[in-house]
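Generate coordinates for the entire structure from the input sequences, incorporating the hints supplied.
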Amino acid sequence: MSGPNTDYDPVEVAAVSPAELEAARDAALAAIAAATDLEQLKAVRTDHAGDRSPLALANREIGALPPQARKEAGQRVGQARGAVSKALAARQEVLEAEHEARILVEEAVDVTLPTDHDPVGGRHPLTTGAELIADIFVAMGWEVAEGPVIEAEWLNFDALNLGPDHPARTMQDTFWTEPADHHVVLRTHTSPVQARTMLTRGVSDGAPIYVVCPGRVFRTDEYDATHSPMFHQVEGLAIDEGISMAHLKGTLDHFATQMFGEGITTRFRPSYFPFTEPSAEVDLICFVCRGVGHDDTGQCRTCRGEGWIEWGGCGIVNPRVLQACGVDSERYSGFAFGMGIDRTLMFRHGLEDLRTLFEGDVRFTTAFGSEL
Amino acid sequence: MLAPVSWIRELVELPEHVTTEVLTDRLTALGLKLEAIQAADITGPLVIGRVLTQDKEPQKNGKVINWCTVDVGEANGTGEPQGIICGAHNFGPGDLVVVVLPGGVLPGGFEISARKTYGHVSAGMICSARELGLGEDHDGIIVLPPDAGQPGDDVFALLGLDDEVIEFEINPDRAYALSVRGVAREAALGFGVPFADPAERELPAVDGKAWEVVVDDPSGCPVFAARLVSGFDPTAPTPEFIKRRVEQAGMRSISLAVDVTNYVMLELGQPIHGYDADKVAGALGVRRARDGEKLTTLDDVVRELSVEDLVITDDSGPIGLAGVMGGATTEMSETTTRILIEAAHWDAVSMFRTGKRHKLTSEAGKRNERGVDPLLPGIAADRVVELLVEHGGATAEPGYTLVGTAPERHAITIATDLPARLSGIDITAMTTVESLRAIGATVTERDAETLEVVPPTWRPDINDPYDLVEEVVRIVGYDQVPSVLPRRATGRGLTRTQRLRRRIGRTLAGAGLVEVVSFPFVGEATFDKLGLPADDPLRTTVGLANPLSSEEPAYTTTLLPGLLDAASRNVGRGAPGVALFETGTVAFPADNGPAPIYGVHTRPSEAELEKLIEALPVQPQHLAVVLAGERRRAGWWGAGTDAGWTDALAVVRRLAADLGVTVEVASAARMPWHPGRCALISIDGVEIGHAGELHPNVCRAYGLPARSAAVELDLDAMMAAATEVVPGPEFSTMPLAKEDVALVVDASVTVAAVEAALREGAGDLLESIRLFDVYTGEQIDEGQKSLAFALRFRAPDRTLTEAETGAARDAAVARAAALTGAVQR
Ligand SMILES: [Zn+2]
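Protein chains in written order, with full-length UniProt numbering: chain A, 1 to 372; chain B, 1 to 825.
Bear in mind the hints are in silico, worked out from the structure with no lab data behind them. There's no promise every hint is true.
So the derived label-pair ranges between C-beta atoms look like this [to be verified]:
hint	chain 1	residue 1	chain 2	residue 2	range
1	B	Ala525	A	Glu352	28 to 34 angstroms
2	B	Gly593	A	Val292	41 to 47 angstroms
3	B	Gln498	A	Val292	54 to 60 angstroms
Examples of chain A residues lying across from chain B (beta carbon under 7 angstroms, computed) [to be verified]:
hint	residue
4	Pro119
5	Arg123
6	Val144
7	Ile150
8	Ser204
9	Pro208
10	Pro278
11	Cys300
From a predicted model like this one, the values you see are computed outputs, not experimental measurements. Ideal Cβ positions, reconstructed from N, Cα and C, are used throughout, including at glycine.
What follows is the structure, encoded as C-alpha cells:
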C-alpha cells in the first residue's frame, strides 16, 4: 500500500498528470492486446503492471500529493490500474486456452496404429458349447451331473440294459483298460453318469431327477474328418411321476429353440437303444433352410438337402434300467436323450473337419470369441 | 438290408400313388430307416438288337474284333441295321443282344456316341452285364433268350434296370426286417393293404425220413428241419430273376444251389445251408464242440472250436459251425447232384458269441444272432426244394425231418392305457388293441384295464409292456407326440466345482491363454520325450487292452504331452508365440482288483457300489499350461517379451489370487522342467504341481523356442482350497509411510526367505512389502546379491511418526540379518 515512504523525496514529486496516466494505461492495454503468447504476456505484465511500471510509479506518487489532491488522483490511478489488470487477466485466459488447445493438437496421434501388444486368449468352443447347453437346462431347473471318464463296465453297459451278449456292445466299439478282465472301460457314452445319479441320489416324492450330463466319451473309431476316438456328448435324464414322450419332445423342442433359434423344432423317428423303450431318433429342422432343403443357390449344405439334421437319440427310460438303478419303475417313469456336442458344433458352425476341434490351433479357438 | 422295390411290391398290393419315395418315408416313420435308394445309373436308348452279321477282323495287335450289323428296329430312327464294333465273342448272328445307341449314358457317366474305330464307324455298343452295372461278369455280353422280345424293344424292365433297391438301416430289434417278407409286412401295415405272406405254404407231413438228425442241445437248437433233393443238375444256370435279386441284395451269384438258399433267406429271413448229401456220412448231429476240435469253414480257414460253439456233425465229426458258416468237407460243388437242405432255429446268444469268437460275420450269422422266426425252418426248406426242382431239374425226395418245436411265447400283461400314458398321445384302448393286432400279436382283453398280448413268432424282441408301447406308438405315429415341457424340475443350479471351473477358464483366457482339447493317449515314447526318468511315477499308467495305436497304449498321467504337441503345431504353422491351457482328466491305476459285474434285476448294495468305485483308477482333474515364444508382442511401441519361467509362475499366482488360495513356491528339480528353474507349488504344505521353464532338451524335442515354460497343477486340490466366503477386507485410510531398504545377502538365499524375515521383523504396522530390484555387480562382492524392498507402513488409527516407522524398518532389517545374514547397504 502507499504508506509513507521514508526513502521518498517529496521534492521531486510532480502532480500526476491525467494525460500521462491515460497514455500509460493505453500503452499497457495495447501491449496486452498485442501479446500473442503467454511468454509475451508475462513480459507485458512486468513492463506495464510491474513494480517499475509507470502506473505503479504513479500510484506511489499519490501519497506525496497534498491531501486534497489525493482522492481524485487515487481514483484515476486506481481506475487505470484496474483496467490494465482486468485486461491482463482476460488476455491470460485467452492465451492459456489457446495454449492448451495447441498442445492437444500437437499431441494428436494416428489412432489407426495397431494396439495388439497383449496376447489374446480364449476358451474352447467345446467347453463354452457345453456350458451353453448346461445353462439352457439349468434355467429350466435341471442340474448338471458329472462322472469319471474311466468307468466300470457294469455302469457303462449292464446297468443300462446292455447285457454281455447284447449286439449293441459291439456296435459301440469300446476301449478296455488292462487287464481286460478287470471290467473297466473308457466310457462309451455319458449314460453311466445317469446310472450313477439314480444310484446315488435315488428318486423320491419331493426329489425327482432332472439332470444333464455333458462329458468326454471314447470309442475305437479311427480318426478322420468325421470320426474321432474321443468326442463329447450331452445326455439328459428326467425321472418323475407321469413322465411321457410328450415331455421329452417338449424338452428337446425347447433345447433346439434355445440353441438354434426360434422356430427350430424336432421330430421323432422310431429307433432302438437298449436303455430306452420306446426309442426315437431325434431330428432337428434345418436351421439354415428351415426344412426346405435348398435355397436360391441350390441344395442346402447344412442338411444336404434333407431339410432335417440327425441330432441324437432319445426315448422313455427302459424299466429294466430303472430296476438296476434302484428306481421304482411302477411308480416313476423317465425319459433320456443324448447327442454329440462336437457334431452339434460342427453343423451349428459349418465345420468341415472334426479334427480342427482337437488340433489346438489357436486361430480356431480364438475365432469363436465369446459367441458360444 | 437291401430290398428291391419290385420284390416288395410282389408281396404287398401297394396303391398306385405309393412311389418309392412315399414308401420309404412311411417305412422310415415305422422304424425301418431309409439309408439310400439305389437306381440304375443308365439313361437310354437301351434296346434289344438282333445280330444280323458278324465279321471277325484280326488286328495287328493280335486281337480279333467283330464288325457287326445289328437290327434295332425303329429305335435308331431309320430302321436300317446299326453298325457296331464289339470285342467279345460269346454271341453270333441271330442272337438277341442288348444295344445302347448313341446318346445313351452307362454307369459312371460313360456317354455313348458314334465314333470311328478299327476302320469303321461304330454307332453304339453291345453291352455286357458289367457295363450295365448288373454284375461283375465281364467276359460275355448279355445274350437274351430268343423269346425276350423284338428288336428295338426297350430293355429297362426286362433287365430290371427300372427296379429301385432300397437300402434300409435295420436296428437290432427289428431282425424280422432283414427279409423281404418283413419289409413287405411293414409296408402293408403302413398303408393298410393286404400282405401275401410268402411263408404261408402247405408242408408235407413230418416223418423224419428226409435225413436222420440228432439234436443233442435243444436249447441251442430248438428247431431243425432237413429235406433232400436228388438228380439236381449242377450245371443248370441260375434264373435271371434270382440272380438279379441276389445281386441287388448285395450278395454274389455263385451257383444255382447256393443262389437258391440265399434267395430264400432274403425272401423269408431264414438262413439255410445246403450240403452235398453224398459227402455227408451218416446222421446229422447238433451239439456243442469239444475241446481241441477243429473245423475248416467254407472260407478255408481252420478254426479251433470252443466248447461253447454249436456245431453240426456227421460221422466224421464237426462239418459246420452251426448257424454261422458251413464246413469245407461237405460243401456243394459243380458235381453235386444230391442236396441235403438244413434250416434250423438257433439260440441267438450262442450265435452272437460264436460269431464274435471267430470274428465271423455272415449274412446267416447276422440274422441268427438277432433272432429268426422259429416257425420258418420247415417252410424255408420246402421253398428251397421247390426252387431246386423248378430251376435245377431236381427231384424232391420224400420225407421231411423236423426235430423240435418252436419255443412257446408267453403272454405279456399290459395296462391298456400304458401306451397313452407313456406317449402323451391320446390313444384309445381300441387303437391300442388294433395296433397290436396289426403287428401280428394275439390280444386278449383280460379286463377293462388290462390286456394279455402274445407277440408274433417273428418278434423275439418284444418281451416287456414297454416294448408293446413302442409298437403302438410307432403305428399311431411318433409325429403325433405333443410337445409339453415338464414343470417339476427343482434344481439347485451349478455346483461350486462347476462354477469354479468356469471361473478358472475365464481367468486363464483373460490372461491371454487359449484353451485346447487334446487326446489323452500316451506311450513310453511320450514320456521319453518329456525326459522322465525310468522310475518316474508318471510312467505308471492305466493301460488300454485295445489301443488304436500301439505307440500310445495308455491313458495319460499328465496333460503336458497333448499341450506341447499343440504348441509345437502352432509354432510349426508360423505362430510367433503361443500360450495354451487345458483342463482334463488324468488317470493313475488304483490296483484294487477287478470291478465286479452285478446283476441287473435289483440295485446293488451300498457296499457293492463302493467296491465298484474303488476298482476304478484315480482320476483327478488337472490343469496344464504351456507358454512358448513371444508373450507380449513387439511392435511400433517397442520390443516384445518372450515367455519364460516367470510367466508360468505368474499364471499360477493369478489363478491362486482369483480363487483366494495361498500357494507356496519352492525350488524343485523335476522333468520336464529346467532343474534350476522349476518351482514346486504347494498349498498348506501339500504338493499340487510344478511351474517353470522347460528343460532345453524338451524344448528341442518339441521344436519349441528356448525358454518355453509350462505349468501342471492338480485342479481338484486347487479348487478344494478355494476360499468359500471372503471375509470383508479391512484397511486403514491413515497416511502411508514409505521405507525402502537394500539388503546384501548370499546369492543362495531366496527372496522368499528374506521377505519372510522382513515381514516378521516389521511387525503389525507393515502394510505391504514388495521386492523391486535385484542387483549383482561391481559394488557387490562375488557370490552376493543386493535385494531392494519397498516397505509400506500404516497404522489403523493414526499418522505414524518418523520414529515409529524407522523403528519398524530397523526391526525388519535386524530380523533379516539374524535369519538370512542380510547386511543393509
Ligand atoms: Zn438345410
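Structure-based check of each hint:
1. B:Ala525 <-> A:Glu352: 28 to 34 angstroms: Hint holds: Cβ distance 31 angstroms, inside 28 to 34 angstroms.
2. B:Gly593 <-> A:Val292: 41 to 47 angstroms: 58 angstroms, violated
3. B:Gln498 <-> A:Val292: 54 to 60 angstroms: Given about 39 angstroms between the Cβ atoms, the range is violated.
4. Pro119: 3 angstroms, holds
5. Arg123: Holds. Min distance 5 angstroms.
6. Val144: Nearest chain B Cβ about 6 angstroms off; hint holds.
7. Ile150: 5 angstroms, holds
8. Ser204: Constraint on Ser204 (chain A) not satisfied, violated at 12 angstroms.
9. Pro208: Holds - the Cβ of Pro208 (chain A) comes within 7 angstroms of chain B, reaching about 6 angstroms at its closest.
10. Pro278: 3 angstroms, holds
11. Cys300: With a minimum Cβ separation of about 18 angstroms from chain B (threshold 7 angstroms), the hint on Cys300 (chain A) is violated.
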